[in-house]
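*Asks:* Here is what each chain is made of, one letter per residue.
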Amino acid sequence: MRLKVVFTSIALLGLMTSQSYAYIDPGTGSVVTTAIIGFFAAIAYTLRRYFYRVKDLFSSKKSSGRTDAGDKK
Amino acid sequence: MTAATPVSRSTGASPLQPDSGSFRDRNNRVYDDGNRIVRGISTEALANWNALSKEPFFRGLLESGKIIGTRLLPADEVAGDAAWPAYLEHERIPFLSYPYEWCFDMLKDAALLHLDLIEKAIEADWTMKDATAYNIQWLGSRPVFIDVPSFEPYVPGSPWVGYRQFCMMFLYPLMLQAYKGIGFQSFLRGDLEGIEPSIASNLLSGRSRLRKGVPTHVYLHARMQSRYSGAELNEAKSLTEESDGKLSESRKFRHSKAMVLGTIQGLQRVVRSLSSGDKRTTWGNYDTDHSYGEASFETKKAFVEKAASARSRKLVWDLGSNTGTFSRICANHADYVVSVDGDTKAINRFYEAQKVQQQGNICPLIMNLANISPGQGWRGRERKAFDERGKPDLVLCLALIHHIVISANIPLAEFLGWLRSLDAEIVIEFVSVEDDMSKMLLRNRVNQYSDMTEAGFESMVSQSFDIVSSQSLKGTHRKLYHLAPR
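Order-wise, the sequence lines are chains A and B. Plus 3 on top of the position in the first sequence (first one is 1) and you've got the working numbering. Plus 135 on top of the position in the second sequence (first one is 1) and you've got the working numbering.
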């Protein structure tokens with residue numbers, strides 16, 4: 004469910020507009036390119052974060068188990 | 136004030152001279168008094184510095200040496216007529232270098248440093264104004280970011296504005312070498328802005344178009360740029376008096392942080408995957424394949440050691456350094472050594488070896504010594520000529536003279552005249568036309584080098600130098616000289 008919310012918000016964010024100014028011209032074509040690349044990259048980025056979060060969950064359980072065992076000694 | 140106004144300080148030092156390469160961002164300007172590097176900053180840049188210097192991510196980058204040592208100058212160290220609201224002082228870079236003088240792995244490490252900085256900045260709600268490779272310099276073989284005011288607070292929804300500049304100055308040059316085997320140095324020397332997406336797209340054609348990162352960062356980028364610049368051209372044509380100054384709104388796309396960070400991390404994976412494809416090189420194996428007998432090579436090392444250790448020097452140039460045997464000898468007795476060679480692979484190997492050895496005071500650079508880097512950019516001053524970035528105290532020219540005089544057809548007197556203009560001590564290896572290597576270079580050309588005899592060389596040298604010591608290399612037609620300017 005949370006993932007769905009994330010994806011939907013990414014998609015919507017891509018359609019919204021934002022003002023930004025820089026002393027170098029980022030170039031309209033380049034900004035559109037980063038929007039396209041960024042859209043897919045954001046999905047991969049979000050999935051990676053969730054993957055590591057789940058991985059950490061399991062590994063921390065394991066490590067906490069080891070700590071407990073260590074404490075008992 | 137005008138940004139170019141010299142600024143006086145209360146320290147009694149000479150006035151700060153504005154750096155001729157620091158003017159694009161009107162929020163700051165770098166000055167040099169020959170002793171310290173000082174940066175005048177605007178009120179906005181000062182507010183940024185006050186916030187940035189407290190950020191854990193920034194403090195971590197400073198402490199790890201990824202960002203140049205910087206401190207805010209106390210007000211009493213700046214004169215009352217100071218032209219800027221505040222000043223930062225930076226650690227001095229011993230010798231400036233530019234991306235067109237770097238080898239593949241130097242540009243790659245500089246690219247990864249920039250991506251690391253922008254990633255950490257975005258994660259901490261900061262961003263960087265630009266992505267120019269000129270904001271990275273070298274302390275030996277360690278890249279360091281020098282443009283602290285480039286950091287500014289991240290505005291939610293804004294894109295990474297440096298993306299195009301990063302592609303043009305880092306990604307495309309690296310791809311050109313990695314995917315096509317074409318050195319990037321002449322491209323970056325030819326255009327200080329880097330390689331345009333459309334040019335990169337044309338160069339990375341055929342099968343290269345399928346290589347990692349090319350379909351998106353090159354091909355798509357070039358297509359999008361062409362499409363929108365075409366639209367802008369049409370708009371420009373329609374700008375008549377009747378249009379009443381009405382311009383179409385620039386297109387803005389809101390970028391989430393996940394989009395920006397995802398793009399940066401994707402680029403990190405692309406850049407890490409690129410390799411120079413280095414194989415053997417003519418001179419790259421010089422350390423083991425040199426044309427000397429062991430005894431002569433040891434004699435040569437001992438001669439250089441003696442000249443280099445005579446006294447401590449601030450800056451040594453090793454011209455024609457190859458993979459750096461003699462640079463390393465000098466580095467033990469000097470503050471800083473700049474090693475230059477025209478062989479890109481030799482310098483790449485030298486750099487890779489330096490990274491492992493961590494002898495932090497040698498900077499290897501690529502340059503054709505018959506065509507050293509000139510002054511470039513705005514008024515020919517923005518990027519300094521190689522011989523205008525600091526005078527050396529000692530210059531090595533070992534196994535170089537025949538390449539200059541015979542291969543490049545630079546008259547011996549011209550070359551010696553240039554060396555004299557450096558006003559430094561010289562350790563030079565004279566190679567006569569009887570030498571096997573000279574004979575090889577002469578194989579297909581007329582011998583017009585009658586002055587390349589030992590007597591002719593000594594006579595010419597004596598006009599502007601004192602010969603401190605000399606040593607013949609047994610079994611060769613070569614002789615070493617330690618010269619002092621007269």
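Keep in mind the hints are simulated off the structure, nothing from the lab. Among the hints, erroneous ones may be present.
Distance condition first, Cα-Cα at most 25 Å in a straight line; then the derived DSS-like pairs of lysine-lysine [stated by the list, open to error]:
hint: 1; chain 1: B; residue 1: K519; chain 2: B; residue 2: K264
hint: 2; chain 1: A; residue 1: K58; chain 2: B; residue 2: K441
hint: 3; chain 1: B; residue 1: K574; chain 2: B; residue 2: K519
hint: 4; chain 1: B; residue 1: K255; chain 2: A; residue 2: K58
hint: 5; chain 1: B; residue 1: K574; chain 2: B; residue 2: K201
hint: 6; chain 1: B; residue 1: K201; chain 2: B; residue 2: K441
All figures in this text were calculated on a predicted structure; none of them were measured in a lab.
*Asks:* None of the hints should be skipped; say for each whether it holds.
*Replies:* The hints, checked one at a time:
With a CA separation close to 24 Å, the supplied pair B/K519 and B/K264 stays within the 25 Å bound. Pair hint A/K58 plus B/K441 does not hold up; C-alpha atoms about 60 Å apart against a cutoff of 25 Å. As the CA atoms of B/K574 and B/K519 are separated by approximately 37 Å, the hinted pair breaks the 25 Å bound. Our distance criterion of 25 Å between C-alpha atoms is met by B/K255 and A/K58, whose separation comes to about 22 Å.
As the CA atoms of B/K574 and B/K201 are separated by approximately 48 Å, the hinted pair breaks the 25 Å bound. Taken as a hint, the B/K201 and B/K441 pair is broken in the structure, with Cα atoms around 36 Å apart against an allowance of 25 Å.
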